[in-house]
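As you go down the protein sequences, you meet chains P and D in turn. For the first sequence, our numbering puts the final residue at 202, and the numbers step up evenly by one. For the second sequence, our numbering puts the final residue at 1096, and the numbers step up evenly by one.
Hints listed in this document are in silico derivations from the structure and should not be mistaken for laboratory results. All values reported here derive from a predicted model rather than from experimental measurement. Positions of the beta carbon are idealized from the N, C-alpha and C atoms, including for glycine. Where hints are given, some of them may not hold.
Claimed, not checked - Facing chain P, from chain D, some residues (calculated, C-beta under 10 angstroms):
1) S755
2) M958
3) F993
Stated by the list, open to error - Keeping only pairs whose Cα atoms sit at most 27 angstroms apart, straight-line, the calculated BS3-like set for lysine-lysine is:
4) D:K692 - D:K1088
5) D:K1088 - P:K113
6) D:K1088 - P:K114
Unchecked claim - Computed footprint of chain P on chain D; a stretch qualifies when at least three of its residues, placed anywhere within it, have a C-beta under 8 angstroms from a C-beta of chain P:
7) 719 to 726
8) 762 to 769
9) 775 to 789
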Amino acid sequence: MVKFNRDTMAGSILLAFSLILAFIITPDQVEMHRSVALLALSPRLFCYITAGLLGLTSAVLIIASLKKGHEADAHPTSWEPLLRGLFCTAIACAYAALAGIIGFFVSTALAMTAFLLYFGVRRWVGIVLFLVVVLGFIYVLFIQALKVVMPDGLLY
Amino acid sequence: MDNLMAAFDMFFQFHVVAGVFVGVFLGIILGSIPGLTATMAIALIIPMTFTLDPVVSVGLLVGAYKGGNYGGSIPAILLNTPGTPAASATLLDGHELAKQGKSLKALKMAIYSSVMGDTLSDLVLILVAPPLALIALKMGPPEMAALIFLSLLIITTVSGESMIKGLIVGAIGLVVGTIGLDSVTAVRRFGFGFPELDEGISLVPMLIGLFAVSEFLINTESVGMGKVVQFFARSTKPEDNRVSGKEFRACVPPILLSTGIGTLLGAIPGIGPSIAAFAGYAQAKKISKHPERFGKGALEGVAAAESGNNAVCGANLIPLLTLGIPGDIGAAVLLGAFMIQGLHPGPMLFQENIVTVYAIFMALMLANVFNYFIGIFYIRFASKVVLIPKGYIFPAVLAFCFFGAYGFNQSLFDVWIVVIFGLIGYLLRRNGFPLAPLLIAFMLEPILEGAFRQSLLMSGGSMAIFFTHPISGTFLSLAVVGIVWMVIGGIRNAKAKAKNTLV
């Protein structure tokens, strides 16, 4: 019986992506000039080559992983670490989104507080001191020294 | 000679020397914190270099690269946790010495051998790079395309545990590289309505996402699962805290051997410092009069591992500076920094910016001197720094990633690039895909595509041009031989595994 493992799943996703890339995204997103008669001048040439390469290698991964499918059962996958990683990605997304709305420094303070709590830091004095030091350093480096203009937010 | 004098004038200025010093200092500290790799150190430092002169900027980053590589040995010896993957071989004997109360002796040997390996490798770079660049100048588009194809093949197949996974991420890197305006027809490719993508994916946000944010996300998985750290008390005997002349002399042969191996392997694209360190360690064990001591606290083991992984630093710059092909992630990140500063590594760099190249060579040598002095000073306090809780480090790292990415183009779009590539890097690493081929393929895609299409134009669309030109034909033959060899090796390994399973 064929057993799927993580490599089979990864290979299938990548193979599907390469097919979508070759047959849907490339024709839709890369304009083809009618005047381009020579293959070498076609802007789609390398897109098709790279999509084909990705598809081919993904197919090889699927075949190889199906052959050793039984080995994967010895190491059952735990979803908990992945969910933790994805949860933190969601916080990072919220951080990026809020940076343009309420301002980079306030959103950084909020995100860092969230991550400090997530990493198990519970002492409020430590958190406040940490925020002051890190945000102060960032302010001096990026605003004062590098003259970076931060996006306008509701706050700062 | 005039060029050399001009390079002296360019290099020996306070801000340039200070840049190298700060780079080495930050590299050693960041490299010594478990979880923060040398590559991550460079990725975090790059945003600070936007407004600096090219030589200051490159000096700072080269210093961080070298300092980070050495810094990784400190937690390997003290905590049995390599600060960087390249220091994995160092802990085999380094931590055993720490258990015996000889951590200071091991740390001192690590810095002596790192600096020796690094310096000798830099000398090879300085001697080999200029003549190699002259040869590289004679290569036309078919030769360039074939060379990049061969290099990418080597990089993708040796950089991870799985050859096929390396090839897949290499292909992903090429796909990402096609985003942006086509260089021949100026047609928009994969723009999805975002004008920010016309110039392609910005390198700095991408590498910050791939290497720093993915590392951050990997670490968020292990909250509350950190292993208990145990420090071993230092011996009070003076002889346990220093390297005697006799001990040093015994370590010279393994250092030279390992440096030779590291330099040779480092010059081949794709073979990073980890492989060089283990290869050097294994050979040093073979020539040792007391191989049984290896793994039980042999000072030669520390010397071989450290000289091997540091010898890669200079040698890695040979393909980077002469051909524009980065040998590993660290060199790829340096390539990005060069490009940001308007310098394009490759044979033309030696024609158009020879003074800058000489100044970079000087920066490399000075970085070794700083590496020694800062390292010797820092090891006395290192035990305090390596124990800074991750809970404080990683939120700060993420904030620096976001500010650094934003500061590059002052665009929030780049912050989203960081998040997206952080997630991609995280998911790829979780599934055992190496990231180096993705970055290197992405950076080489424009050159490969340009050379490939130019070759087709020259030949009127015939692929035969790649085989009829002797140099490109040789490169492609080597690639074919390599593929056949790897496939046969893979089949043999699979058969051997199946046989073992049955037994």
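Verification of the supplied hints:
With 10 angstroms as the threshold, the beta carbon of S755 of chain D comes within range of chain P, its nearest partner Cβ sitting at about 8 angstroms, so the hint holds. With 10 angstroms as the threshold, the beta carbon of M958 of chain D stays out of range of chain P, its nearest partner Cβ sitting at about 28 angstroms, so the hint is violated. With 10 angstroms as the threshold, the beta carbon of F993 of chain D comes within range of chain P, its nearest partner Cβ sitting at about 7 angstroms, so the hint holds. Proposed proximity of K692 of chain D and K1088 of chain D is contradicted: the alpha carbons are some 41 angstroms apart, above 27 angstroms.
Straight-line distance between C-alpha atoms of K1088 of chain D and K113 of chain P comes to about 12 angstroms, which keeps the hinted pair within the 27 angstroms bound. For the hint pairing K1088 of chain D with K114 of chain P, the CA-to-CA distance comes to about 12 angstroms; that is within 27 angstroms, so the pair holds. Coverage of a stretch by a chain is defined here by at least three residues with a beta carbon nearer than 8 angstroms to that chain's beta carbons; for the stretch 719 to 726 of chain D and chain P the count is 0, and the condition is violated. Counting residues of the stretch 762 to 769 of chain D whose CB falls under 8 angstroms from any CB of chain P gives 4; the rule of at least 3 is met.
Only residues whose C-beta sits within less than 8 angstroms of a C-beta in chain P count toward coverage, and the stretch 775 to 789 of chain D has 9 of them, enough to reach three; the restraint holds.
In summary, the structure is inconsistent with hints 2, 4, 7 from the numbered list given earlier, while agreeing with the others.
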